[in-house]
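Keeping their order, the protein sequence lines are chains B and W. For the record, in the first sequence the residue sitting at position 325 is 325 according to our numbering, with numbers rising by one throughout. For the record, in the second sequence the residue sitting at position 136 is 136 according to our numbering, with numbers rising by one throughout.
There's no promise every hint is true.
Unchecked claim - Facing chain W, according to a computed beta carbon distance under 10 Å, are these residues of chain B, among others: (1) H55; (2) P60; (3) V75; (4) A77; (5) I82.
I should point out that these hints are in silico values taken from the structure, not numbers from a laboratory. This one's a predicted model, so the numbers in the text were calculated from it and none came from an experiment. No residue lacks a Cβ here, since even glycine has one placed at the ideal position from N, Cα and C.
Number of protein chains: 2
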Amino acid sequence: MLIVQKYGGTSVGDLERIGHVARKIAAAQDAGNDLVVVVSAMSGETNKLIDYAHHFSPAPSRREMDILLSSGERVTASLLAIALQEMGYPAVAMTGRQAGIRTDDTHMFARIEEINTEAMRNHVNQGRIVVVAGFQGIDQQGNVTTLGRGGSDLSAVAIAGALGADVCEIYSDVDGIYTTDPRIEPHAKKLDRISYDEMLELASLGAKVLQSRSVELAKKMGVTIIARSSFSDAEGTIISEEVAGMEAVLVSGIALDKNQARVSLRDVVDRPGVAAEIFNTLAAEQINVDMIIQNASNDGTTNLGFTVPQSELEQARAVIEGFGEEIGSVDFDEKIAKVSVVGVGMKSHSGVAAAAFSVMAENNINIEMISTSEIKVSMVIDEKFGELAVRVLHETYRLDQ
Amino acid sequence: MLIVQKYGGTSVGDLERIGHVARKIAAAQDAGNDLVVVVSAMSGETNKLIDYAHHFSPAPSRREMDILLSSGERVTASLLAIALQEMGYPAVAMTGRQAGIRTDDTHMFARIEEINTEAMRNHVNQGRIVVVAGFQGIDQQGNVTTLGRGGSDLSAVAIAGALGADVCEIYSDVDGIYTTDPRIEPHAKKLDRISYDEMLELASLGAKVLQSRSVELAKKMGVTIIARSSFSDAEGTIISEEVAGMEAVLVSGIALDKNQARVSLRDVVDRPGVAAEIFNTLAAEQINVDMIIQNASNDGTTNLGFTVPQSELEQARAVIEGFGEEIGSVDFDEKIAKVSVVGVGMKSHSGVAAAAFSVMAENNINIEMISTSEIKVSMVIDEKFGELAVRVLHETYRLDQ
Chain B
1 MLIVQKYGGT SVGDLERIGH VARKIAAAQD AGNDLVVVVS AMSGETNKLI DYAHHFSPAP
61 SRREMDILLS SGERVTASLL AIALQEMGYP AVAMTGRQAG IRTDDTHMFA RIEEINTEAM
121 RNHVNQGRIV VVAGFQGIDQ QGNVTTLGRG GSDLSAVAIA GALGADVCEI YSDVDGIYTT
181 DPRIEPHAKK LDRISYDEML ELASLGAKVL QSRSVELAKK MGVTIIARSS FSDAEGTIIS
241 EEVAGMEAVL VSGIALDKNQ ARVSLRDVVD RPGVAAEIFN TLAAEQINVD MIIQNASNDG
301 TTNLGFTVPQ SELEQARAVI EGFGEEIGSV DFDEKIAKVS VVGVGMKSHS GVAAAAFSVM
361 AENNINIEMI STSEIKVSMV IDEKFGELAV RVLHETYRLD Q
Chain W
1 MLIVQKYGGT SVGDLERIGH VARKIAAAQD AGNDLVVVVS AMSGETNKLI DYAHHFSPAP
61 SRREMDILLS SGERVTASLL AIALQEMGYP AVAMTGRQAG IRTDDTHMFA RIEEINTEAM
121 RNHVNQGRIV VVAGFQGIDQ QGNVTTLGRG GSDLSAVAIA GALGADVCEI YSDVDGIYTT
181 DPRIEPHAKK LDRISYDEML ELASLGAKVL QSRSVELAKK MGVTIIARSS FSDAEGTIIS
241 EEVAGMEAVL VSGIALDKNQ ARVSLRDVVD RPGVAAEIFN TLAAEQINVD MIIQNASNDG
301 TTNLGFTVPQ SELEQARAVI EGFGEEIGSV DFDEKIAKVS VVGVGMKSHS GVAAAAFSVM
361 AENNINIEMI STSEIKVSMV IDEKFGELAV RVLHETYRLD Q
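Using the sequences plus the hints, can you model the full thing?
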């Protein structure tokens, strides 16, 4: 098998951890696999470099930041290759450029445009373990670029896709994706398998493990991901296309998001296009609107509700106030929680949403907003009931079994 | 003027020092100069990375070491560019590769083969201060290479030569080249000017400031160097071709080298080629022979003496013992010092060597070996007289005036 492995910052957090990772890689090669390994910077390094830059400027030039930040992954990649060589395993370190990773020129948030895999393939064909500095590439002009937070996951998935690897193993300090946050519900169970779409809907559960951007790319390129821990030998969670049998599982997980705020507009003048105007203006201000609901009232006005990240609420407030008398009254609420029930089984089974609404009612939790997709039911509720809602929903769908 | 400035590790040793260097650079631009700045890693960083690598291997792969070690200069270059930008000065950081520095593929000791100055010139022509990560380049295959200890000096001199810069300023924590080591002779004086050849002969005086390789390259490319301190506004020492007036100065400096050992061979069989055979064998073992003297004796044998670095004495001993009975007796002495009197004035003035020998005799210092070049007289003496010899020679040639 050709395996792409990615080790995050805590997995290579110090020299002992790097040595441990080298032994894991060696074992995978001993088992007969070809290996390309992508590494992050040692934990703390990237933040240290950002602090250095902020000593000089509150908003340092992104082009220079990319030269600065890309150095951390190069250190880890070369040290890991040296460790493998010393153990008698042929290994070669490659920078993002050497690995053929070409991006657009959006410094600090670059997108991978193309991977020229020739050099990596040559090394693998000669039996070498390729160790790639993650998070980085170069643009068409040869400038160093970085891919943003979680960028090493993206590097790994993109490389796995370009090489046609059998699997992309993402190692962190968490051993997989859970049915819900174990700190909220101690009976949360690790999932053996989850689909890309479910994973995307459960982003708030897996964000520590895997960013949405990487899951989206894996889905697009058909890369099977295994999220697992470098601190244990546990099996981890497979993230892939839906496979036969997945639908037998009604619900995969319950996600809780407490970082949203609700904006409720009442008595909005009911002329055509007013909603479009409001949301276009919010989009133009780069405000991320999540849930939207609209109810026509019977007096020629309409009620409109939506959620935005709490950090963007003040911006949203300014936009709304700009609409003046077209909006009757406005209500902002930061004390909300969004609870989501996610599962591909919903596509073919009815009653999942109804069961959620019932259990909320039984527990006297008022649902303020509802939004659904093919595989998700999200409910906005009072913030203080967030954890309770997660626990009762977890029990309702028997996720602990 | 187009000025290339190079700042060493202590000059950019912490964030405050980097800020100080940014202000020095800004002042040079304010004075109407175009600037290309070459930087070392923050002091301690390169050693830290070497320690990391040695945690995994006593002899880490040089190719991987180059990816590792080149990261330190990239950090300094990007931070310095960010500092300049924040002060309102247009600046751009470049890695060795981006600055067009192409080397051979001798990892960790690469030689610069070519500099494609196009990108640097474009930036300078647009009024930008170019900040280059020193010590590094890439080979023809695109592998990262480094230039060895003192490599950032080489980067700076090579860039100055390739750009046709008016001057290359090398900043360190020492404010120039002195007539001798001020710790030995408190009356040592800073030289205003010295020729490349004198500087090369005085290597042991200037080694902390400037390595021989950089001086050789500067001589070859006709680059005028100014060695000065980033910790003061002192004028520094100009290192250039001999200029009119230089010959008026008989002696420029006195150098002391206590790291040599003497090997004396007595009663060597006097057949043709025996000396050549001995020195060829030493060379084949990579032993650096410095001074050589030979005296024919009158009984068909010859006496041969030479010096080698103390660190290579054991190797030299093995070579010599391999010659068996062709060599009568051998004597090794590590307790020697080499004192050198250097000055271009010697070319046209006689009596310099004689004055040295006289003052040594007056002070009862026995001279064990002598070797001379056009601009240098070197004497091997008992180690314990090293400092005394430096002081009396310094006074003899009135170097304190």
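Against the structure, the hints come out as follows:
Checking H55(B) against chain W by beta carbon gives a least distance of about 5 Å; that is within 10 Å, so the hint holds. For P60(B), the shortest C-beta to C-beta distance to chain W is roughly 4 Å, which falls under 10 Å, so the interface hint holds. Restraint check, V75(B) versus chain W: the minimum CB separation of about 5 Å is within 10 Å; hint holds. Checking A77(B) against chain W: minimum C-beta separation of about 7 Å stays under 10 Å; hint holds.
Residue-level restraint check for I82(B) holds (minimum Cβ-Cβ distance to chain W is 4 Å; threshold 10 Å).
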